Amino acid sequence: MRERNDLIKKIYILKECLNFPLTQRILDNAGKIPWEIIENKHELGEEIRTSEDPLKEGKKILLLARQKGKFVKSCPCTPNYIRCNYSIINLALNCPLDCSYCILQGYLKDPFLIIHVNLEDLWKELDVYLEKRKHIKVRIGTGELADSLALDLICECSKELITYFRKKKNAILEFKTKTLNISHLLSLEPSSNIVFSWSLNSEKVAAEEEKGAPSIRERLEVASRISEIGFPVGFHFDPLIHYPGWEEDYERVVRALFERIDPSRIAWISLGCLRFPPRLKEIIHRRFPSTKIIYEEFIPGLDNKMRYFRLLRLRIYRKIVQLIRNLGGRKIPLYFCMENESIWKEIFNWVPKGEEIEMFLSSPPSFS
Amino acid sequence: MIKREKELALDEIDLKDQRFRISLFFSIKNLLSSVKKVGLIYPPLLTIREGRIVLVSGWKRVEACRLLGISSIPGYFISDNDDLKVFHLAFFENLATRDFNVLEKAEILKKLISFGEKEKRIISEYLPLLGLPPTSTYLNLYLAFSEFEIEEKELIHQNEIPFSSLEILAKLKREERELIFPLLLPLGKNKQKELLECALDLAGKKGISIKSIFHQQEIREILESRNISALEKSQKIRLLLRREKYPLLSSWSESLKLILKKTRWPKDIILRPSPFFEEEKMSIFFDFKNEQEFVEKVSKLVELTSKKEFKGIWRPFFDEGKK
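First to last, the sequence lines map onto chains A and B.
Take the working numbering: the final residue in the first sequence is number 369, and no numbers are missing along the way.
Take the working numbering: the final residue in the second sequence is number 307, and no numbers are missing along the way.
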């Protein structure tokens, strides 16, 4: 099992960001990674854009920039599907892992990795954001437009986030990752409102479609270590992928999950079938010519994203829910990411309205 | 680079040397009227290569003069041996006055490469000029378009095959395109794209070539059939591929049709499920001229609800695997 900090080949620092404490910390942690100061990000954009695979090249470059917009936003979710009411912290953008299905390939404007170093602004913004929502439970995470821990060995932002959120009891902070980068967190005092969660898939999907990511067995091992020191953990079966043999493969993962993790420590498990904007298909085909995941029975959904035909989604969800419920996770809160009302109703016999989803996800046994 | 005007005989131009030509196909109907009425206003650009006069820009003008039987025309001669520099003149002259179509853009990019322009420069400087994103992906895509055979380019031009279909065609081998082109031509743009996507996706899913898809027994029989028109062949093959690509959707659609038949659903009332059955909701459409007609149609619908098959209309929305 190996933590990885070797994916970045060069760090660029916007001149205006040189004096931020986080910049200095990143450079201290960077070891032998070369770095260079640049006036503006367009200087490095051209070199990457003209390369054969700009998305692949961009993943080796880290840019330290200033967040000029808002750090904290409500999850945009997807039109015409049930909203998750999640809040996102855009501390980092993009991910050094190279999953074939990753939506960021077609979503982000710049191909390189970015860490926003003006953390001082983040704390102020969070104070206001959480104060405004002090009467409701806020689920918030850093893993929407980035992997929460992929760059954490170099930036160590998670420690500061934990320190900040430990005191904010109306908020639940989630670190969503596929990586094993947890060694620097093991000495921390756990907190019931800090959740570490891992994306899970079948070992076959992980090996074939999640380039650079650790195996599922490895992910579960580190999840178990984090869970053992007292942090709640979460899991995301997302994207669930349909292929010959999927049922047996996913069953093995669910079994492995409950063999390693105490279900009472699991805050939630989310489910979501593979979906993507139509243009992503072309990108996936070009960058991953051997993948077959884009050739299933996809139809344009109500949000114009390509989704498995409804019946296929129902079959997949029914099977995974059945596996989770029967193999150890009888009481674990389950929810869908970007699904429609009728799927919720058909599988869970319940459609969350308003803030019900927060209530539901913030009251499992792991938070008591 | 020296430019001087000189009168020359039209047949002195070596039209076979098309190294600087951007437009492969064009219409000169309006230009013919113009030259006939007021003569050639703008002389074409020419240069000398290996002792021959080569046209740099003005292919339409020269063709119009030739068709009108004009034997000599004025021309601007460029004295420069660097093909890239000379091509710049043709490119920028055209760029300033009109938009390029997909095939012209592909031709320009191919020529820039052949004249030694650096790829990085083409991406960062020329692609934006052509209205394309400055990435190697777009350069490679357009270079693939430029590799189509001339006959294919002509078909694309004549039939205005949309960009989304060209993207798919660019992924195919020549013999695969040869097979698929005759099927595309009778279809409308959306159906062309659907046929291409279905063929490509099925080939991708099965890990076989497009050629193998079209060698399937059922498709071969349609292709070899002599009793049906080209349009019917294309339609049948498109539907066959669609059914194979969307097995569940097809079976749901067919099942709904069957239920409607069993309930003797009135033909003047249209029942429309949500697109791709993504939502449970359905819509009903019917016309009526007055209250009486309205009441009659509503009564027919109410009558339908008493039939035992009626509930089956919603069956496609529920998972048959539910226990």
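Since the hints were derived computationally from the structure, they do not count as laboratory data.
One or more of the hints may lead you astray.
To be verified - Once the Cα atoms are required to be at most 25 Å apart in a straight line, the calculated SDA-like pairs of lysine to any residue come out as:
| # | chain 1 | residue 1 | chain 2 | residue 2 |
| --- | --- | --- | --- | --- |
| 1 | B | Lys195 | A | Tyr296 |
| 2 | A | Lys11 | B | Leu113 |
| 3 | A | Lys110 | B | Glu228 |
| 4 | A | Lys320 | B | Phe261 |
| 5 | A | Lys320 | B | Trp298 |
| 6 | A | Lys168 | A | Ser193 |
| 7 | B | Lys155 | A | Glu58 |
| 8 | B | Lys220 | A | Pro301 |
| 9 | A | Lys282 | B | Gln276 |
| 10 | B | Lys291 | B | Gln276 |
| 11 | A | Lys306 | B | Glu287 |
| 12 | A | Lys346 | B | Phe147 |
| 13 | A | Lys11 | B | Ser108 |
What the hints assert, rightly or not - Listed next, the stretches of chain A that the computed footprint assigns to chain B, with coverage defined by at least 3 CB atoms under 8 Å from CB atoms of chain B:
| # | segment |
| --- | --- |
| 14 | 13 to 25 |
| 15 | 114 to 123 |
Note that the structure is a prediction, hence the values are computed from the model and not measured.
Ideal placement from N, C-alpha and C gives every residue a C-beta, glycine not left out.
Violated hints, by number in ascending order, as checked against the structure:
Failing hints, ascending: 2, 3, 9, 11, 12, 14, 15.
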